[in-house]
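Participant: If you read the sequences in order, they're chains A and B.
Position 109 of the first sequence, counted from 1, bears residue number 108 in numbering that gives the first Met the number 0, the numbering being contiguous throughout.
Position 423 of the second sequence, counted from 1, bears residue number 422 in numbering that gives the first Met the number 0, the numbering being contiguous throughout.
Since the hints were made in silico from the structure, they are not lab data.
One thing to keep in mind: the hints can contain errors.
As the list claims (entries may be wrong) - Chain B stretches covered by chain A per the calculated footprint, using a threshold of three residues with CB under 8 Å from any CB of chain A: (1) 87 to 93; (2) 171 to 184; (3) 254 to 263; (4) 350 to 359.
Glycine is no exception: its CB is placed at the ideal position from the N, C-alpha and C atoms.
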Amino acid sequence: MAFALTPEREREVEELLSHYPNRRAALIPVLWVCQRQHGWISPEVIDWVARRLELSTAVVKGVVTFYTMFFEEPVGEHVIWVCRTLSCDLRGAKAIQEHLEEKLGCKAGHTSKDGKFTLLKAECLAACGQAPMVQIDDDYFENLTLAKLDGIIERFRGEAS
Amino acid sequence: MSDEFQPLLTSRYGIEGSHTLAVAEKHGAYRTARRALTMMSPEQIKEEVKKASLRGRGGAGFPAGVKWGFLNPKEGEEVYLVVNGDESEPGTFKDRTIMNQDPHRLIEGILITCWAIGAHTAYIYVRGELKHSIDSLDAALAEARTKGYVGDRPFGKPHPIHIWTHSGAGAYICGEETALLNSLEGRRGEPRLKPPFPAVKGAFGMPTIVNNVETISAVPDIVELGGERWCSLSRLAPTDGGVRLYGISGHVKKPGIYEAPVGITMRELIYDYGGGMLHDDHPLKAVIPGGSSTPVLRPDWTVDAPNEDHPLHAWHGKSELDVPMGVDTYRALGTMLGTCCATVMDDTVNMVEACRNLMRFYRHESCGQCTPCREGGAWLVDVLDGLLSGRGKVDDVNMLVDIANNMMGNTICAFGEGTAMPLLGFVQRFADEFVEVAKRGLPLDVRHDESTRALVKGGVAA
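Only chain A is shown next, with the shape it has when bound in the complex (with noise of 0.2 Å):
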């Protein structure tokens, strides 16, 4: 299915580009808009970048491939980041990330089966004085216990799809 922006989205590429000298140096936040369309960058994501930029699809995907936040493949309605890096680490992110393991019912690195909610094991989010903490979607929780986690995914889970 070939793949377009909103026009509201459009406009905001056209601002982006008008912050560059050139098309090209707005391919990553044009990337970044597309997958908050999107929820992914798929391969008609990457050709109409490609296409828009005036730039190849294999350097558009070059790009889309070397970046960690960028999905080239379907996730879940919200993604959830643990930090594991050491000041983490040192404040029990491991627990963290087996707890919700336990309550998602899924492995880091994979999709609940309700599709509800990927896992995701993160590197270093700078948030190292209130470890431990996860990033879902765009947001912070820091400071976490068990309790407080179990508090923030039922939220989630109640919020309306």
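Position chain B relative to chain A; hints supplied.
Facilitator: What follows is chain B alone, placed relative to chain A:
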């Protein structure tokens, strides 16, 4: 902790609405930029920044004034300012506080810097994970544009300054300045060969200054107070000036970001600012001083500088914790000040395990261009995995050192050293523990992730 200390960088933290222009301006924002752009010449500003001995806050500690001095644009070349907000060094979480709580301080610093170095466009490159910081900056920029502070005539000056945020998308290496420039240009974040340095050929092939968020945020205070006076606030003046943000995380009671003069000691940071060790019955075992790439310190090691010419002679025989935290003092100590954000570990932590955690990070984040870094980083993890699982042998510890030594100096960027140096630091300062683990492995039930379970279960984490 001195009661007289007047916060500068953090003076607006904690004030309700400090991220908005109205509140920030009420508390002094843009006053200095207005004065700088309307009453000071670029040369005057550059002179103040030089006098300030502002050492780069991103990790390398290079003097900002000297870096600016490398610019020598040819006829027709546009100068760019690029602000590095990629904050990704494990243990580091300071720039985020500026971007979230006082974005106008950074914008004011950018305006003054652009005027000083002759730039008309500045990009703030922020790691993709920090969406809230990007939103905070975008909202602040929109306000500053409405006011006319950012735009064609900032404070009436016919020197257009346009500032844009640019989001990364998850890659530690983009904190390396030439990788960052590639990422800004829509490429894979692979570091470039130097020379040419960015000041000669940077963003879009043009002369470019890349400075850390905190570095640029210090510029308004330097111009306001004057370089000499700002410099003298440091305990290590005149070579390492001013005040800076200190971070502390891990096993302390009050992890967080604290502003203090340059040159406080690690002991002060841990016990005065950080509130001391998390558990009174678990003493300090090791501290990584300034982000994961800086070699670890141990409190029971003393400074060995009997020679009077040694820069650390004054601290000869004292604990490593008592050396003032400065770019040059820490280098003399055999480590680095880095980002000045410490990671504190108590006696429950096995150093081989801590080391493996960080080496996994580097394995994941290597951009893969250079073989010593890409392969070496993976081998380090394999060998450490072997040691911890009990499959290792004592000679493997030598192999770790050998691999690390073969990474040093053999890569395009400093990432190779950034991986090898902390590995060598761990092995050097905790050799006994590596040998011990090599002999017996480390059973699962004595790993620190087991002993920390109570922290999240019992709800101790505040």
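Participant: Work down the list of hints and note, for each, if the structure agrees.
Facilitator: Okay, the hints, checked on the actual structure:
| no. | hint | in the structure |
| --- | --- | --- |
| 1 | 87 to 93 | holds (count 6) |
| 2 | 171 to 184 | holds (count 4) |
| 3 | 254 to 263 | holds (count 3) |
| 4 | 350 to 359 | holds (count 3) |
Going through the hint list in order, the structure satisfies each hint without exception.
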